[in-house]
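Take these sequences, add in the hints, and give me the full structure.
Order-wise, the sequence lines are chains A and B.
Under the numbering used here, the first residue of the first sequence carries the number 1, and numbering increases by one thereafter.
Under the numbering used here, the first residue of the second sequence carries the number 148, and numbering increases by one thereafter.
Worth double-checking, as some hints may not be accurate.
Unchecked claim - Simulated crosslink set (DSS-like; lysine-lysine; CA at most 27 Å straight-line): (1) K188/B with K242/B; (2) K84/A with K191/B; (3) K22/A with K151/B; (4) K102/A with K242/B; (5) K102/A with K191/B; (6) K233/B with K130/A; (7) K102/A with K151/B.
These are calculated hints, taken from the structure and not from any lab test.
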Amino acid sequence: MEQSVSYTLDSTLETVDHAEEKATRIATDLGFGEDEVMQISMAVREGAVNAVLHGNAYSPDKKVILSFEHTPEDLVITIRDQGKGIDLAQIPNPLAPENLLKTSGRGIFLMRSFMDVVEIRPSHTGTELKLIKHVHGQSVGGKEGSQ
Amino acid sequence: MSMKLNTRQVDGVTIVDCSGRITLGEGSVMMRDTVRDLLSKGNKKIILNLGEVNYIDSSGIGELVSAFTTTKNQGGELKLLHLTKKVHDLLQITKLYTVFDVKDDEAAAVKGFK
Numbered sequence: 001m002e003q004s005v006s007y008t009l010d011s012t013l014e015t016v017d018h019a020e021e022k023a024t025r026i027a028t029d030l031g032f033g034e035d036e037v038m039q040i041s042m043a044v045r046e047g048a049v050n051a052v053l054h055g056n057a058y059s060p061d062k063k064v065i066l067s068f069e070h071t072p073e074d075l076v077i078t079i080r081d082q083g084k085g086i087d088l089a090q091i092p093n094p095l096a097p098e099n100l101l102k103t104s105g106r107g108i109f110l111m112r113s114f115m116d117v118v119e120i121r122p123s124h125t126g127t128e129l130k131l132i133k134h135v136h137g138q139s140v141g142g143k144e145g146s147q
Numbered sequence: 148m149s150m151k152l153n154t155r156q157v158d159g160v161t162i163v164d165c166s167g168r169i170t171l172g173e174g175s176v177m178m179r180d181t182v183r184d185l186l187s188k189g190n191k192k193i194i195l196n197l198g199e200v201n202y203i204d205s206s207g208i209g210e211l212v213s214a215f216t217t218t219k220n221q222g223g224e225l226k227l228l229h230l231t232k233k234v235h236d237l238l239q240i241t242k243l244y245t246v247f248d249v250k251d252d253e254a255a256a257v258k259g260f261k
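Pasting the structure below:
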């Protein structure tokens with residue numbers, strides 16, 4: 001993988017699968033372990049779902065920008081949508097007893113469970129989600145560099 | 148791999164063998180339609196065998212919750228069987244593991260219905 005790579009994607013369900021596949025491939029190529037690859041790919045999938053469904057609301061006029069950047073310390077994934085932004089104060093705690101049996105509302109919680117840093121920056125012109133996974137053990141630089 | 152569902156009857160209990168991915172879109176819709184169809188036909192003792200489910204996302208988790216509550220609200224009972232480690236771990240971190248009736252043995256799960 002290059003130091004950074006970016007994709008502009010349609011607001012479709014296929015984008016969610018593509019985002020997950022790209023995350024899986026990139027995390028694998030960068031030498032993350034199997035469990036971490038699953039965590040990264042699932043966090044990206046959840047982020048892409050939020051961008052496509054809740055952000056862009058499947059609008060054919062709006063795009064999802066997915067980018068991956070890696071440094072020796074981190075894999076940084078950014079997902080931007082072009083929706084109206086979200087009110088973070090309105091996101092319920094899915095672990096609260098009154099919310100346990102709700103059928104939705106666990107995406108951000110799962111992202112926070114799986115990634116080291118989750119930053120959400122809503123605005124009126126879209127939401128930017130940043131997911132960071134720290135490199136543990138060997139430095140991230142691709143399979144070729146690992147021993 | 149997309150999701151596949153196969154339904155069979157054992158001693159008055161409907162076992163739904165699930166394989167593949169329960170995710171937003173086709174997988175979640177198939178799960179929802181199957182459970183609703185079973186309930187509409189009076190099959191209210193249901194086991195979801197998740198032994199071959201290798202991936203589930205938050206939408207899939209929501210669908211399991213929906214299946215559980217829909218069945219319960221109609222006077223039925225729904226159990227989960229043979230959780231893979233990934234699904235088990237997800238239900239643990241979302242605190243749903245103790246909400247569902249989770250079984251490891253099919254025969255015992257069938258006998259356990261009221």
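Now for the hints, and whether the structure bears them out:
no.: 1; hint: K188/B with K242/B; verdict: 31 Å, violated
no.: 2; hint: K84/A with K191/B; verdict: 42 Å, violated
no.: 3; hint: K22/A with K151/B; verdict: 24 Å, holds
no.: 4; hint: K102/A with K242/B; verdict: 12 Å, holds
no.: 5; hint: K102/A with K191/B; verdict: 21 Å, holds
no.: 6; hint: K233/B with K130/A; verdict: 24 Å, holds
no.: 7; hint: K102/A with K151/B; verdict: 25 Å, holds
Comparing the model with each earlier hint shows violations of hints 1 and 2; every other hint is respected.
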